[in-house]
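J.: Below are the chains, spelled out letter by letter.
2 protein chains.
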Amino acid sequence: MIRQQPQSSRRRFLRTTLAVPVLAGSGISAFVAGTTGAKETISTTNSTTKETHAEISKSGEIKFQLGLASYTTRKFDRTQTLAMSRRAGLKHICLKDFHLKLTSTNEECAAAAQECRQIGINLYAGGVIYMKKPEDVENAFRYAQACGMTTIVGVPEPAVLPIVEQHVQKTGIYVAIHNHGPGDKVYPTPESIIEKIQTLDQRIGLCVDIGHTARIGVDVAETFRKYKDRLFDCHFKDETEMNPKGQTCICGRGVLDLPHYLMTLKEIGYDRIVSFEYEADEKDPLPGLMESVGYIRGILRML
Amino acid sequence: MIRQQPQSSRRRFLRTTLAVPVLAGSGISAFVAGTTGAKETISTTNSTTKETHAEISKSGEIKFQLGLASYTTRKFDRTQTLAMSRRAGLKHICLKDFHLKLTSTNEECAAAAQECRQIGINLYAGGVIYMKKPEDVENAFRYAQACGMTTIVGVPEPAVLPIVEQHVQKTGIYVAIHNHGPGDKVYPTPESIIEKIQTLDQRIGLCVDIGHTARIGVDVAETFRKYKDRLFDCHFKDETEMNPKGQTCICGRGVLDLPHYLMTLKEIGYDRIVSFEYEADEKDPLPGLMESVGYIRGILRML
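The listed protein sequences correspond, in order, to chains A and B.
Sequential numbering of the first sequence, starting at 1, is according to the working numbering.
Sequential numbering of the second sequence, starting at 1, is according to the working numbering.
Any given hint could turn out to be false.
For identical chains, the list gives no copy identity; a pair is met inside one copy or between any two copies.
Quick list of in silico lysine-lysine cross-link-like pairs, DSS-like style, CA-CA up to 30 Å [stated by the list, open to error]:
| id | residue 1 | residue 2 |
| --- | --- | --- |
| 1 | 283 | 228 |
| 2 | 226 | 58 |
| 3 | 63 | 283 |
| 4 | 58 | 75 |
| 5 | 245 | 58 |
| 6 | 170 | 196 |
| 7 | 228 | 58 |
| 8 | 58 | 283 |
| 9 | 75 | 283 |
| 10 | 63 | 132 |
| 11 | 58 | 132 |
Because the hints were derived from the structure by calculation, they are not lab data.
Could you build the full structure based on these sequences and the hints that come with them?
T.: Following this line, the structure appears as structure tokens:
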């Protein structure tokens, strides 16, 4: 079995994800722009428009970029979702099936990816995608390939992992398995995922949800370090409590040590996407999402 | 003439501004809370609910708090403004006359202050209030006193400054004169204000608008240091350019060195309010305001 080297895989990943066209002001809907919002979203001095750079920091060494996990905007359609992502300055998106049905034809998938590109957003992943049967795996990779996704954020039943591996090797698409914390029988923690995939292709790894990881009492920063070669995506959020009762809240208003987690991602040279999954305010997520984005950018600026 | 000592005046200011009742979840409008937004605004782990503490930082030494200059929400009424301020976690407000007419009776002023208190917001100031004639000064102090404001953010014509001083000494209310940058004939820079007030009561000082100050080419951090004993309010924002063509934008998306300004405020022991004046998106300011608040809180967390 050919083993992919993390470094070369990272380089390929960045070549793909950074190939986002520079956005012209036109075409941003009133929804995203408000009256003068477009000025922020397309300002040339706006860090969010530096298409070919990672996040700004004092040291300038941060290699990862910020994105949106579209579960955040589950009550809105895809066009509204892309507008909100753009307004929040998030130019990488992981689409949940609310915004692109898993039953979409290859043509519909290609059209969705094109819609993202047109607004300056990179459709880097899909998910969380559940895969129970071999045909679910087959379809997930078809869908991801038709969209030009580099990554599937998924929850494959352990039984289908060998089939997942075959598809990874056939397509070169990464699979980032998502841990759902307390209550998740199969993959509660990142470690419970690693146990099941450690002998498999190195392109099968983790999407570490920092909220679920912290709520189950696992050290998020240590997880990042320990499994850095298998870390292919992160879901960022904050939590009101560091236990199963914790509820998601705006970044900076909860108890998670976000500066420590971000410093760790910087130190391990994480160079993929940190996606916001803001689960509160489902009918009006944009303000809380944008405060979360601002908080994380403020911390990154200081790293 | 009795000269007020900055230290004792600061202590009195904080006793006043920190006397904000702890908010119960009830009574927050759907407008502020959205579906689950109230959870963020009243979360016990939410820095914005630590009524008796300043902003969270590594060192825990930050003495100032964040507030809202209600020019930000000029297209919304007072109730909506307070709801947005609360949702953004800003519990100190400077009301512009859009939200409380300068012609309001003493009873209307007292009722407005009570409306603020009921939602857990401290009506610390009014302004920007223009004072051209002696009767404008008379009315501004009546209004501020009826509201229980500690500060008037104002633009008094130089000719009425002696009358302003008389009212400051009679009421103990501070006057923070606001600089409007390029195009402002009277008070373009903080220095142009100091020149006119340096012989007057020390409770007459500055509201440094960092955007206007930077756009006219004046060093904001140096201004904070140089005039720290006369610094009674700040308007925070970002700008797309450090020149007269600069346009206001979301904090972190522009060119101002906000970390340096905040570090300087920390170092000089500034212990009053840093108010956000987010001028863009006048029809939909909340997302940009909240990203700005998040960005500043992220930086403060790292100081």
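J.: Does each hint fit the structure? Answer for all of them.
T.: Status of the hints after comparison with the structure:
With identical chains, the CA atoms of residue 283 and residue 228 are never at most 30 Å apart, being 35 Å at best within one copy and 44 Å at best between copies. In this assembly of identical chains, residue 226 and residue 58 lie within 30 Å of each other by CA distance both inside one copy and across copies; the values are 26 Å within and 26 Å between. For the identical chains of this complex, residue 63 and residue 283 are neighbours neither inside a copy (33 Å) nor across copies (36 Å), given an alpha-carbon limit of 30 Å. In this homomeric assembly, residue 58 and residue 75 never come within 30 Å of each other (Cα to Cα): the closest approach is 37 Å inside a single copy and 37 Å across copies.
Taking the closest pair of Cα atoms, residue 245 and residue 58 come within 30 Å of each other only across two copies (26 Å); inside a single copy the shortest separation is 36 Å, beyond that limit. For the identical chains of this complex, residue 170 and residue 196 are intra-copy neighbours only, at 20 Å inside a copy versus 76 Å across copies, given an alpha-carbon limit of 30 Å. For a Cα distance limit of 30 Å, the shortest separation of residue 228 from residue 58 qualifies both inside one copy, at 23 Å, and across copies, at 27 Å. In this assembly of identical chains, the alpha carbons of residue 58 and residue 283 never lie at most 30 Å apart, being 36 Å within a copy and 34 Å across copies at closest.
Taking CA atoms no more than 30 Å apart as the test, residue 75 paired with residue 283 passes in both settings, with 6 Å inside one copy and 22 Å between copies. Proximity of residue 63 and residue 132 under a CA criterion of 30 Å is satisfied in neither setting, with 34 Å inside one chain copy and 54 Å between copies. Taking CA atoms no more than 30 Å apart as the test, residue 58 paired with residue 132 passes in neither setting, with 45 Å inside one copy and 45 Å between copies.
In terms of the numbered hints stated before, the structure departs from hints 1, 3, 4, 8, 10 and 11, listed from lowest to highest.
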